[in-house]
Amino acid sequence: MEQTEQLTFNFFTETPHITTESPDEIKLELGKFAGPLDLLLYLIKQEKANIFDIPIARITDEYLKYIRLMKSLDISLATDFIVMAATLIEIKSKMLLPREIFDETEEETEDPREALVRQLLEHQKFKNAAQMLYERVTVEQAVFARGRIESDENNHETNATVFDLLTVFQKILGRRKEEIQMEIEREEVSLTDMLKNLKRRIFQTNELNLLKFFEEMHTRRELVTAFIAVLEIVRTESVKLTQTATFGEIILKKV
Amino acid sequence: MDLENEKKQPRSVSEIVSIVEALIFVADEPISVKLLAEVLDEDREIVKAAVEELSSQYEQRGGGLQLREIAGGWQISTRTEYHAEIRAFLKTRPSAKLSLAALETLSVIAYKQPATVPEILEIRGVQSASAIKTLLDKRLIVAKGRKETVGRPMLYGTSKEFLLQFGLKDLSELPSIEDFEDLTQGI
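Protein chains in written order, with this note's numbering: chain X, 1 to 255; chain P, 256 to 442.
Honestly, the hints are just simulated from the structure, not real lab data.
Treat the hints with care, as some may be off.
Stated by the list, open to error - Some chain P residues well away from chain X (every beta-carbon gap over 10 Å; in silico):
no. : residue
1   : 269
2   : 369
3   : 403
Said to hold, decoys possible - BS3-like cross-link-like pairs, simulated, lysine-lysine; straight-line CA separation at most 30 Å:
no. : chain 1 : residue 1 : chain 2 : residue 2
4   : X       : 253       : P       : 393
5   : X       : 171       : X       : 196
6   : P       : 393       : P       : 346
7   : P       : 352       : X       : 240
8   : P       : 303       : P       : 415
9   : X       : 45        : P       : 367
10  : X       : 212       : P       : 388
11  : P       : 402       : P       : 415
12  : X       : 196       : X       : 253
13  : P       : 352       : X       : 171
14  : P       : 352       : X       : 45
15  : P       : 415       : X       : 240
16  : X       : 171       : P       : 289
17  : P       : 367       : P       : 289
18  : X       : 171       : X       : 254
19  : X       : 212       : P       : 346
20  : X       : 212       : P       : 393
21  : X       : 254       : X       : 196
22  : X       : 171       : P       : 388
23  : P       : 415       : P       : 346
24  : P       : 352       : P       : 393
25  : P       : 303       : P       : 346
26  : X       : 240       : X       : 171
27  : X       : 171       : P       : 346
28  : X       : 171       : P       : 303
29  : X       : 212       : X       : 254
30  : X       : 65        : X       : 45
31  : X       : 171       : P       : 415
If you're wondering where the values come from, they're calculated on a predicted model, not measured in any experiment.
Note that beta-carbon positions come from the ideal geometry of N, C-alpha and C, so glycine has one too.
Make a model of the complete structure from these sequences and hints.
In structure tokens, the structure reads:
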């Protein structure tokens, strides 16, 4: 089966593991403990406690133990976890106070845990909904519709917008930043020269891969000039920006 | 005269069914009954009946293709059973799955839409900025203006792409969120 090649995650794993979202992005998934509410639900289950009557002192202690362990793992996650720790401690302290202080006359005051329980139940509901979405998308990935039919009118590939262009540009700028540069004084390329160069390239070959074109630029300034030149040429000349796939490469084509 | 010409050759039901099938086949996206009716210049009810007839034909034949309603239109696609062979031929693998965080965020947005970042935080208990960015990049959600409240937070809703990728006719096809409640009692 093709199961081996699938990037899957198990909704019920409890150990942290690495999930890859894209080839250049590695993410550490804390398994079931995607957030403080997940951890809390897990602990309640572990303690075999009733969610409507959480043994708050015990759960708080357990929670803090886990937090100490996790703090070293992921700092940005830890902030959310710490907020929850504070909430738990607050509830714990409220629970320690004698009830009479709050309800002198009324027969019923809100249990300090009530808001948290509501949040936990709500969260659990959406977690189950997420599971349902996961199943749906998995099934849906086994369905294939016909590929695009090439036609003049439905030239979907012409739909590259300025924003798509900006995305490509940003990608290159980002890549450039990482490269260590030897700054050697060089003559600035003017927009006119750049436009001339660009036009020559397009009219020689009829089409030009913008990603490649941008990559030829050496400095940030040149890149910006090249970018403006592309915008200019699309506006003034009979060329069009085409893209074969969303976020795909953008090709400048002579019409 | 024109009227007469049009009336001269009314299409037969089977003809309409055939044209509908052809149009659904060539359409890049699921095609709505409304659009089919416009192209055919036929009554919407007639076209609807034709689509349903076609649909039952597909069911009866039980071949490699199915006709189904998705994202507000009709689409011809392969049946799930044959995905392994299709993948082998196309040499594709299933695209990377969404992370758990992204799926959770998506479920909150799908059910609460339009939803704001603070509302998502309230339910998930975690900051969801990177999950939201992933969902926006994948065009599964779209910004739907701002909420007129403190800080004017951005409102998010699901997109047509969401319906397509999750195989939904429309949002009402999602099971009710209350249906997930009884599952929580098991804790």
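Hint check:
{"no.": "1", "hint": "269", "in the structure": "23 Å, holds"}
{"no.": "2", "hint": "369", "in the structure": "16 Å, holds"}
{"no.": "3", "hint": "403", "in the structure": "24 Å, holds"}
{"no.": "4", "hint": "253(X) with 393(P)", "in the structure": "26 Å, holds"}
{"no.": "5", "hint": "171(X) with 196(X)", "in the structure": "25 Å, holds"}
{"no.": "6", "hint": "393(P) with 346(P)", "in the structure": "22 Å, holds"}
{"no.": "7", "hint": "352(P) with 240(X)", "in the structure": "34 Å, violated"}
{"no.": "8", "hint": "303(P) with 415(P)", "in the structure": "22 Å, holds"}
{"no.": "9", "hint": "45(X) with 367(P)", "in the structure": "27 Å, holds"}
{"no.": "10", "hint": "212(X) with 388(P)", "in the structure": "27 Å, holds"}
{"no.": "11", "hint": "402(P) with 415(P)", "in the structure": "22 Å, holds"}
{"no.": "12", "hint": "196(X) with 253(X)", "in the structure": "16 Å, holds"}
{"no.": "13", "hint": "352(P) with 171(X)", "in the structure": "23 Å, holds"}
{"no.": "14", "hint": "352(P) with 45(X)", "in the structure": "28 Å, holds"}
{"no.": "15", "hint": "415(P) with 240(X)", "in the structure": "27 Å, holds"}
{"no.": "16", "hint": "171(X) with 289(P)", "in the structure": "41 Å, violated"}
{"no.": "17", "hint": "367(P) with 289(P)", "in the structure": "29 Å, holds"}
{"no.": "18", "hint": "171(X) with 254(X)", "in the structure": "24 Å, holds"}
{"no.": "19", "hint": "212(X) with 346(P)", "in the structure": "27 Å, holds"}
{"no.": "20", "hint": "212(X) with 393(P)", "in the structure": "24 Å, holds"}
{"no.": "21", "hint": "254(X) with 196(X)", "in the structure": "15 Å, holds"}
{"no.": "22", "hint": "171(X) with 388(P)", "in the structure": "16 Å, holds"}
{"no.": "23", "hint": "415(P) with 346(P)", "in the structure": "27 Å, holds"}
{"no.": "24", "hint": "352(P) with 393(P)", "in the structure": "11 Å, holds"}
{"no.": "25", "hint": "303(P) with 346(P)", "in the structure": "37 Å, violated"}
{"no.": "26", "hint": "240(X) with 171(X)", "in the structure": "21 Å, holds"}
{"no.": "27", "hint": "171(X) with 346(P)", "in the structure": "28 Å, holds"}
{"no.": "28", "hint": "171(X) with 303(P)", "in the structure": "47 Å, violated"}
{"no.": "29", "hint": "212(X) with 254(X)", "in the structure": "17 Å, holds"}
{"no.": "30", "hint": "65(X) with 45(X)", "in the structure": "16 Å, holds"}
{"no.": "31", "hint": "171(X) with 415(P)", "in the structure": "27 Å, holds"}
The structure fails hints 7, 16, 25 and 28 (numbered hints given earlier, in ascending order).
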